[in-house]
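Colleague: If you're matching them up, the sequences are chains Y and V in order.
Letter 348 of the first sequence, counting from 1, is numbered 348 in full-length UniProt numbering, and no numbers are missing.
Letter 171 of the second sequence, counting from 1, is numbered 171 in full-length UniProt numbering, and no numbers are missing.
Hints were generated in silico from the structure; no laboratory data involved.
Every residue gets a Cβ at the ideal spot worked out from N, C-alpha and C, and that includes glycine.
Heads up, a few of these hints could be off.
Partner residues are not named here, just some residues of chain Y that face chain V (Cβ under 10 Å, in silico) [claimed, not checked]:
no., residue
1, ASN101
2, ASP300
3, MET451
4, MET454
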Amino acid sequence: MSDATLSFEEAMENFDPVLGFEVHVELNTKTKMFDAAPNEFGDVPNSNTTPVSLGLPGVLPVVNKKAVESAVRLGLALNCSIAPVSHFARKNYFYPDTPKNFQTSQYDEPIAFDGEITIELEDGTPFTIEIERAHMEEDAGKLTHKGGATGRIQGAEFSLVDYNRAGVPLIEIVTKPIVGAGDRAPELARAYVTAIRELVKSLGISDARMERGNVRCDANVSLMPKGAEVFGTRSETKNVNSLRAVERAVRYEIQRHAAVLSSGGSIVQETRHWHEDTRSTTSGRPKSDADDYRYFPEPDLVPVMPDPAWIEQLRAELPEPPAERRKKLKAEWGYSDEEFRDVVNAGVLDEIESTVAAGAGAGAARKWWMGEIARLANVKGVEIAELGVTPAHVVEIESLIGAKTINDKIAKQVIGHIADGEGGPAQIVEARSLAVVSDDGVLITAIDDAMAQMPDVVAKVQGGKVQAVGALIGPVMKATRGQADAGRVRELILEKLGVS
Amino acid sequence: MTQNIVELTAAELAQKLADREITSVEAVQAHLDRISATDGEPLDAGSRSAGRSGLNAFLHVNTEEALTVAAEVDAARDRGEELHELAGVPIAVKDLIVTKGQPTTAASKMLEGWMSPYDGTVTQRLRAARMPMLGKTNLDEFAMGSTTEHSAFGVTRNPWDLSRIPGGSGGGSAAAVASFQAPLALGTDTGGSIRQPAAVTGSVGVKPTYGSVSRYGVIAMASSLDQVGPCSRTVLDSALLHEVVGGHDPQDSTSLTDPATGYAAAARAGAAEGGLKGLRVGVLKDLTGEGFQAGVEQRFREAVELLREAGAEVVEVETPNFRYALGAYYLIMSSEVSSNLAKYDGVRFGRRTLPDDGHLTIERVMAATRAAGFGPEVKRRTILGTYALSAGYYDAYYGSAQKVRTLVQRDFKAAFETCDVLVSPTSPTTAFPLGSVDEHADPMEMYLNDIATIPTNLAGVPAISLPAGLAPEDGLPVGVQFMAPARQDARLYHVGGGLEALLTQANGGPIWKDLPDVVRAVQDLSDANVPGATEGAAR
């Protein structure tokens, strides 16, 4: 049974939303947070494990230094203070995806705290979000519940556990309560997660692929009567794992809260689950401040004490903040607002930047990355970056086109062959004999054939309807398997018919 | 010949191996024979929990592998290979330390039948030194207890009197070295589990500085207190073993970077003429007097007197916060226990017990497994620790206990400003009869055994226990304990070696010259205890 909701507009007339986000970022370190098992997605279940990640008797954790480095860099990029001393704690709870039945996490002493990030809403309006903390912890394993109708643990006959993910390093970024977003709250939610995703990607600390759970968002929503200052009771919607879902889930929860509050009810502090199919949330388990994880300092680990000089070195080496970089690139490339937004949303900023840097024009770079390459990635269901087409390939294709060795149509075929792993553009053009036919003799033979078959068309052209020449070009192109330069074919036909 | 071999200390045996007087295979076989002659027969063929009719020091005897390793050492020696000083010297390992190729149970039904797929760091180091492992020794379940009566696989008996406790938790390792089943053993000490058994069995036991020996592969009881250490009959032997297993381990974040060297040299230097001259020894006023058995006090005073005569400066030291140590220890230890033992849930390894009614959910399987797999003492401490860490109680219990811990550390720091080492009896009493502590009525009675050993665990400082003679009233061994500042383990071997030499001289030989004939006592006990009449011995 679904919950009652108010229309969003009605909700906004009476209430102010307060948001809060906990974003978990999986790091792309080579090994796990506390042991030497590989940190790899998609491997055979339970193959990326050691006695440590399985929590066997006698094992001990050791902190991954690279993960600490990533946490410090992210903390700095979020304008946080970096704690000179921070500790790990044990969060105790029994659940089979957690091999030790406790999660090792930072509790009251996070490595980074008190930061802020300024994000841009769709129309470019800046909004500053305060960061409470960013702390390190380990991921849990993955449970697959079998035999039930819902795929959830309730009603399942049995469950499978994959500990490959158990112990993968996570950074959890927690915002302070976000007030003042008003009816732009859903949009802001999406913009915030987009900004975090972009940030961790630019730092190179995470693959940041939401569909793989590299970036996972828990969204807290509460409402207070318009003008009030005391926050309402919040709900926490878990694992909202796409940008679109974040926006929708926040909007839905605002509408649901508004319906409950308007009818005189009160909000239960609880975990909610987002369902993309019904675009609604359902109640998870009740969550209250009485949840008792029996936190205590992890006695098997020593405090994390990053050297101040190292922190300063990492600060100096931070990449340009994404927003500034975008502003700069947009101006350099001369894209329209819409063009640039599409490029950003497609996630090909890096590719276009490299392509332009390697000598291609900004327009051409956008044409290929947003065109054939994006289309092919979509067809194959992979990320653009994984297609196997590189900026260097695009530059090479552009220069082959410039030299009239190939045309745009052939270039698209070449891109397909690159994606199939056949090598670089020139190599493919050579191996597959794809170069444009530039031998007029071959073209003239094909033209003669075409004219012989279509005397009516020939008559039309000769009669002054020059545009009818296209009907003759088609068969010629077909005869040369598209490898003729259509412009040259047109020239030759017109020349032959004496209409030029 | 066999009898002679087992009575050799590890250092003597190593020398004879090096001199090719005997082979490692002979040495290992002699100890295996001694184990079969003294450990007894299973009391109930159908159930391991009844234990064995004799000492029952071993939960697993590693006959084949020990002989194979010994044969390899002998062959290597024949080829003239350079070998570690202790290569070929057999050793027993407390069954809390994981070992590839041998079962590891922690003396719990929870891990019965479990084989570790990996070796602990200390086990790897024993293998690297090519020391044959004789087997795994008995203990209180998950090292929780002071008598070894809480083993799921039967009590271990004290070789000095088979009706008495061997101490705990490491009663198996202590009984094994005291009864010549092994020249060396590894133990673990969280609140006295190496030293108290050493004291009541007339052997030597060392709790090194926290972090001196890697805990990787040691089944955790209380992580901030646990430490692996040596058990032996002489101070020098413990020093030699400490050098084998100690030193930095990158797999243990709490491991010190100090190299584990110079211990044997310190033991020898302390035993040399005039070795104790000028040493400042502090007698802990708070760990003598009331609650300490008269004979224990007497032997302790005599030992201190020997130190004074040998030129040591003896002063009395006050440690006012030690009186809170026991309470703090039981909160910190049980809190860590409650978390460390959470992994035993039947999901990934070890025992899995299904609920009787067949209604299976993950919570019910976990609960049934833990109900069936853990013994009462483990449950008691898990419940206590869970409570102590609960929201609303944390500050009052765990938080306060950590403050006491800081105060105990300050007491030590102040004491070490005026003293090189501190000294106290190791245990308030000699070995008491099996079954005499009714912890169901009052567990504190058992916990009080650890009153003198616990402060060092709280502070992380090292301590050694060595025999101070036999108590006049019961003829049972008394232990004396030295404590040193953190990372000054060598100082313990120095003063320990010194006192041991003085006592040997004063008593006309080592303490074990008075050990009763264990083989015969075991035989008598077995004859008296035909199956079905075992309760009398255990209670």
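Colleague: Can you list which hints this structure breaks, lowest number first?
Modeller: 3, 4
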